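Q: Combine both chains into one complex, guided by the hints.
Taken in sequence, the protein lines are chains A and B.
Mapping of the first sequence onto the working numbering: position 66 corresponds to residue 66, and the numbering continues sequentially without gaps.
Mapping of the second sequence onto the working numbering: position 33 corresponds to residue 1033, and the numbering continues sequentially without gaps.
Since the hints were made in silico from the structure, they are not lab data.
In this text, all values refer to a predicted model and were calculated from it rather than measured experimentally.
Don't take each hint at face value.
To be clear about the criterion: a stretch of chain A counts as covered by chain B if any three or more of its residues have a C-beta under 8 Å from a C-beta of chain B, and this derived list gives those stretches [as the list claims (entries may be wrong)]:
1) 23-30
2) 37-50
3) 82-93
Each residue gets a CB set at the ideal place from its N, CA and C atoms; glycine is no exception.
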Amino acid sequence: MSEHTEHSESGIPVKHVIGFIASIVLTLVAAYTTVMSGLPVPWIIAIIMILAVIQAVLQLVMFMHIAEKNPIPQYGNILFGFFIAAVVIAGSIWVMSFGMHDMDMNGGSGGGSGEEHSEH
Amino acid sequence: MSEHAELKTGPLEYRREDGPLTILGFWIFLAAEVVLFSTLFATYAVLFGRYGDATPAHELFEMPMALTMTFLLLVSSFTCGIAVHMMRKESLKGLVIWLIITLALGLGFLGFEIYEFVHYVHEGATIQSSAFWSAFFTLTGTHGLHVTLGVFWCTAIIIQLIRFGLTPVIARKTFVIGLYWHFLDVVWIFIFTAVYLIGMVV
Chain A
1 MSEHTEHSES GIPVKHVIGF IASIVLTLVA AYTTVMSGLP VPWIIAIIMI
51 LAVIQAVLQL VMFMHIAEKN PIPQYGNILF GFFIAAVVIA GSIWVMSFGM
101 HDMDMNGGSG GGSGEEHSEH
Chain B
1001 MSEHAELKTG PLEYRREDGP LTILGFWIFL AAEVVLFSTL FATYAVLFGR
1051 YGDATPAHEL FEMPMALTMT FLLLVSSFTC GIAVHMMRKE SLKGLVIWLI
1101 ITLALGLGFL GFEIYEFVHY VHEGATIQSS AFWSAFFTLT GTHGLHVTLG
1151 VFWCTAIIIQ LIRFGLTPVI ARKTFVIGLY WHFLDVVWIF IFTAVYLIGM
1201 VV
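The shape of chain B in the complex, shown without the other chains (with noise of 0.2 Å):
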């Protein structure tokens, strides 16, 4: 880690030179991810209705159910915002403990949406079963493997602030996964409304 020159106010993740580049560049990704889900929201949305043999989708969403995952995400991505908040005003401990809340209830909604997707299979609607069910397993399924690597790199970066402490380096860090940890709540909301929303009503 070579020195740059560092400010000595503002924002601890701005300080370093290559802090904004490398959070301008999570955002070029973050658009890139916008454009990979609009692929799997076509692919639904094209594919909505046709579900051959299998049951339809009105018949098995719910929701209570989908409503539990909303706000558990919801919930998350606020903690995480509350995390950020800690972090500017350069509390480790207040930023270590609002992270490790917002991993839990990431977990949370994993735990639910493995549920969910048992409870599908059980009642016939697997992948393979028709065209309507693989578009819609692929799409919450990219959704909730994000949700996944997140878990893993909110993991690694609590484990890194707590060995090293808050550096410029480490809070850069902690922001772009904060980006990302709000980026799939973005993506959630609108697969809450064109999913399960439109899936109750049409």
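Okay, chain A solo, but in the shape it has when bound (with noise of 0.2 Å):
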């Protein structure tokens, strides 16, 4: 029941800061990926996606002490509302995909990034 904390005892808190400077420098890789790479687009969907997992997964790590050893484990209900959160957007981009190659509402870009998601 008695845990401490591993930074209790130095002054600086070095888990919060590398999680800061590891989140600023895929904060920072993410924009210059959608800026500047020139790659094909669902690269750089699919790479700023993956960046922002992981940061979520510093935030959690790092900020929200969820891996630490609590009285009462915390992480099942979070990872099972993300679990549900990417049921819902990964289903409802892939049932809403169906079709939408012949609305051609805006000359079709609606239709491209749908193709894009449907991938997963």
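A: See the structure below:
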């Protein structure tokens, strides 16, 4: 029951600083990939989404103490929440991607993005 | 406040019997919030590109603006982490100072977001203008509303800290607002990526 935090003995919260610097780097890499890389759009989307997931995990572990030893484990709910979120988002895009190519509302730009997402 | 058996060691917020339970309950709430935002993200993704007669997103989204908002929220998430770190060192003064810095950064973020919305509306991209912009304003607006709520909540916690000091009950409340604030940044990471960055390339 009585667990001390790992960083409580030093003045500088090492975990937070590492998480912070890593988050800044991930954000800048994502921005650079988007604007400067010149990669094909599906590649860019895949890369920056992976970077976002990494950064979210960093926040959970480094800032929100999710992996810390608690009297009650806390990660089960949030993992289930993320699972439901992934199903809702991927499922919606997948279902709504059918037949979108015939509708041509804006020169087909929407249909194109649906196509890229539907790979997942 | 009935006196439960209190532990003498460990983080303050876990010492009372009900501390870990409340924090677990808050994690369940956050999981529900993840699902709430997932429906808004799904709507946004499905309606992506449906501009109608309104201005397309890639003509309005600007990297400096999006990056500024991202960094304001990221830094505020970091300072909020430092605040909880200070709490665990049982430094009330440090905790309050870092919470106030967090609050200021949160207000800065809100200021930029309001400026951004006003700018878009002047460019003809209103919530009524098209399916895409409806989804955009609903998603980012819901996040902005959460930040606004967080600002008021954090203010209330700071007042309680100054009035009652660092007790296990207030420590648990502070830890919970900390979780909420980090969660807002987690959601923003996905808004920055899925809305702004993808909106700029597609």
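Q: Output the numbers, in ascending order, of every earlier hint that fails for this structure.
A: none
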